[in-house]
Amino acid sequence: MTALRRYPVLAALCLAALFMVVPFVVVALNAVKSPTEYSQNGPLSLPDGLYLDGLKDFWERVDYSQKLVNSVLISGCVAVGAAVLSVLNAYAIGIGRIKGRTWVLAFFVLANMLPQEALVYPVYYLSKQAGLYDTRLSVIIVFTVIQAAFGTYLLSSVLGRFPREIIEAARIDGASRWQVLWRIVVPVSRPTIGVLLVFFFIWTWNEFLLPLVMLISNDNQTVSVALGVLQGQRLMDATMTNAAALLGVLPALVFFLVFQRTLTRGIAVGAVK
Amino acid sequence: MLTTRRRVVASAVILTGSLLLTSCGGSDGGSSGDGKTLKLWHYEAPNSAMGAAWNEAIKEFEASHPGVKVKYEEKSFEQIQKTAQMVLNSSDTPDLMEYNKGNATAGLLSKQGLLTDLSTEAAKRGWDKKLSAGVATTSRYDAQGVMGSGKWYGVPNYAEYTMVFYNKDLFAKYKLAEPKSVDELTAAMDVFVKNKVTPLANAGAEYLAQQYLYQLALSQADRSWVDSYELYKGKTDFHDQAWTYAATTFADWVKKGYIAKTSSGTKAEEAGVSFIQGKAPILFSGSWWYGRFQDEVKFDWGSFLWPGSNLTLGSGGNLWVVPKNAKNKELAYDFIDITMSKKIQNLLGNKGGVPVAADASAVTDPKSQQLITNFNTLSGRDGLAFYPDWPVPGFYDVLVSETQKLITGSATPDAYLDALQKAYDNGVPKK
Numbered sequence: 702m703t704a705l706r707r708y709p710v711l712a713a714l715c716l717a718a719l720f721m722v723v724p725f726v727v728v729a730l731n732a733v734k735s736p737t738e739y740s741q742n743g744p745l746s747l748p749d750g751l752y753l754d755g756l757k758d759f760w761e762r763v764d765y766s767q768k769l770v771n772s773v774l775i776s777g778c779v780a781v782g783a784a785v786l787s788v789l790n791a792y793a794i795g796i797g798r799i800k801g802r803t804w805v806l807a808f809f810v811l812a813n814m815l816p817q818e819a820l821v822y823p824v825y826y827l828s829k830q831a832g833l834y835d836t837r838l839s840v841i842i843v844f845t846v847i848q849a850a851f852g853t854y855l856l857s858s859v860l861g862r863f864p865r866e867i868i869e870a871a872r873i874d875g876a877s878r879w880q881v882l883w884r885i886v887v888p889v890s891r892p893t894i895g896v897l898l899v900f901f902f903i904w905t906w907n908e909f910l911l912p913l914v915m916l917i918s919n920d921n922q923t924v925s926v927a928l929g930v931l932q933g934q935r936l937m938d939a940t941m942t943n944a945a946a947l948l949g950v951l952p953a954l955v956f957f958l959v960f961q962r963t964l965t966r967g968i969a970v971g972a973v974k
Numbered sequence: 005m006l007t008t009r010r011r012v013v014a015s016a017v018i019l020t021g022s023l024l025l026t027s028c029g030g031s032d033g034g035s036s037g038d039g040k041t042l043k044l045w046h047y048e049a050p051n052s053a054m055g056a057a058w059n060e061a062i063k064e065f066e067a068s069h070p071g072v073k074v075k076y077e078e079k080s081f082e083q084i085q086k087t088a089q090m091v092l093n094s095s096d097t098p099d100l101m102e103y104n105k106g107n108a109t110a111g112l113l114s115k116q117g118l119l120t121d122l123s124t125e126a127a128k129r130g131w132d133k134k135l136s137a138g139v140a141t142t143s144r145y146d147a148q149g150v151m152g153s154g155k156w157y158g159v160p161n162y163a164e165y166t167m168v169f170y171n172k173d174l175f176a177k178y179k180l181a182e183p184k185s186v187d188e189l190t191a192a193m194d195v196f197v198k199n200k201v202t203p204l205a206n207a208g209a210e211y212l213a214q215q216y217l218y219q220l221a222l223s224q225a226d227r228s229w230v231d232s233y234e235l236y237k238g239k240t241d242f243h244d245q246a247w248t249y250a251a252t253t254f255a256d257w258v259k260k261g262y263i264a265k266t267s268s269g270t271k272a273e274e275a276g277v278s279f280i281q282g283k284a285p286i287l288f289s290g291s292w293w294y295g296r297f298q299d300e301v302k303f304d305w306g307s308f309l310w311p312g313s314n315l316t317l318g319s320g321g322n323l324w325v326v327p328k329n330a331k332n333k334e335l336a337y338d339f340i341d342i343t344m345s346k347k348i349q350n351l352l353g354n355k356g357g358v359p360v361a362a363d364a365s366a367v368t369d370p371k372s373q374q375l376i377t378n379f380n381t382l383s384g385r386d387g388l389a390f391y392p393d394w395p396v397p398g399f400y401d402v403l404v405s406e407t408q409k410l411i412t413g414s415a416t417p418d419a420y421l422d423a424l425q426k427a428y429d430n431g432v433p434k435k
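One line per chain: the protein sequences are A and B, in this order. Using the numbering used here, the first residue of the first sequence is number 702, and each one after it goes up by one. Using the numbering used here, the first residue of the second sequence is number 5, and each one after it goes up by one.
Hints were generated in silico from the structure; no laboratory data involved. Treat the hints with care, as some may be off.
[As the list claims (entries may be wrong)] With a straight-line cut-off of 35 Å between C-alpha atoms, the simulated DSBU-like cross-links for lysine-lysine are:
| hint | chain 1 | residue 1 | chain 2 | residue 2 |
| --- | --- | --- | --- | --- |
| 1 | B | LYS371 | A | LYS757 |
| 2 | B | LYS371 | B | LYS265 |
| 3 | A | LYS829 | B | LYS73 |
| 4 | B | LYS328 | A | LYS829 |
| 5 | B | LYS265 | B | LYS177 |
[Claimed, not checked] Anything over 10 Å on all C-beta distances counts as not near chain B; from chain A, calculated:
| hint | residue |
| --- | --- |
| 6 | ALA712 |
| 7 | LEU716 |
| 8 | PRO748 |
| 9 | ASN813 |
| 10 | SER877 |
| 11 | GLY895 |
[Unchecked claim] Sample of chain A residues at the chain B side, in silico, Cβ under 10 Å:
| hint | residue |
| --- | --- |
| 12 | GLN741 |
| 13 | TYR825 |
| 14 | TYR834 |
| 15 | LEU910 |
| 16 | LEU913 |
| 17 | VAL914 |
| 18 | ASN919 |
| 19 | VAL926 |
Just so you know, even glycine gets a beta-carbon here, dropped at the ideal spot from N, CA and C.
Start from the sequences, fold in the hints, and give me the full structure.
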């Protein structure tokens, strides 16, 4: 009986998984095709043999290793910085219960919903004034703030339900606020913070508009900006674009696989409670 | 357990801290005006005609300027489009940059005072003599940023124009000759339709569809019609004979099956690929496809100018512009001069581009010769009529969406022209 009820769910899941995987497969297929093959047989045909020149040419053309370093540097700094900032903010709002916290939270949500197009000019002028235009630091600062806005919102509601007894017990034992934060709150909510770290990393990795505007020199560019080089004014190089997309996606994928356990644990913790 | 975790955290903190520190020193401030480096940006792929020619020009430049280094960076089209104003306003500008021609792009920058006036250099170095009048239209902008007159703000190395690409093998299969008139063209298309082949490759979601329409209108028009439409030298009435002919003929062609109804949502890339695969026998589009067709098309193909029309779409190519804040302007002028030299121009022609100042005899590839001969015919009769979306900012999207309605049949030609008139009148600069 339960098996009967399970099969439709399983079938639906398989179908959904297929839909998720198909675009990726198409990208991978076309990444190893020669341009002529693509033009002759269309995007869905199977490649005859591996054609890796697209991957290789793209790597050399945009100096991909440099872009990888930039992307890892920016995403890594943002992930760590935003997570630290979120924890500090959320501690004040969720556990410290400061006055007017609903307003502060509403402000953070608002900041999070602001479209990035609206940020372009202000950020451009500010960074020019501060002498940070065309530096990776400017992008790190901007995204740390943006991601921390979301992180603060999320963590505040998690910490709002933090068992008060534990904190009170710690206070009675003579722990300072600082000790409560680092010895009690952070270790207990470590899974949630882990999830935030992974999300921040991947989101920042995929950011396009602000890095495009702020990172002018090729030496400072990120992976997603480098992919744009292939989209010409009127023509596109389809196979090389696919090769590049594959290269662009892989690092984020690897990162996800490495931290997958943290992710599931974080979600599971939320589910049990 | 606890200590290892702590150690991991501590090393992570140290790592990010040091990374942050190194990232502070990211900007090297760019080149100063020492006359030793030329900072050059463009967005042509290295295997395109322009990319190959300009690579050669860089070598030539470094050979003739000992001690000077060219600091070249390949940019994406989108990045230059989106950030040009911001970059040119900062101190990180390049010395020389490729930029899109037209009122909304180079015209706008010149109006904002972000570009250097090249008039004296153009006269001194003879660039103005090398470029034909039609090609030079997009190099000059007046105080309002309107092209066609005023000072020189850019120099194009190449030109572009539209033509009919056709599949000779398919034409031979149905015993058809190269059409010399519109009647012969429609007769050929009738044969294809009878044999269940959609003759025209079209892309309703992008520029192709509106270019068919504009070409149809141009076949009924003359230079003064173009001047009033593109350069605002008169009143444009979309219900005149030319536009009415274009809209009704286009709708008629969809009805007759020359253009597929399903093409309302397709992209230019798909249309091009359907021609390369030999599915669509005819593609009407620009010279920018030429190099790719030379590389990838397996069958015998040819090209001709739209029959029975003196005018066709086209213009000078993208421009070399020198930013106002550039630090090595003299080097930038020298570089432009090299790209205008016979050697580089001939190379551009042999790679499948349309050079503006080449020796037709020095271009040896037969297909490229045909491309250049057609262009010379065209520029000899002053036949470059620009593009339909140029006169009004945002007109491209209007043209795409309205032409889609014409393809699906949800708008009559009359309603179509009304919609265009409204958008055009709203956007045209008031004098």
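Hint check, failures only: Result: no hint breaks.
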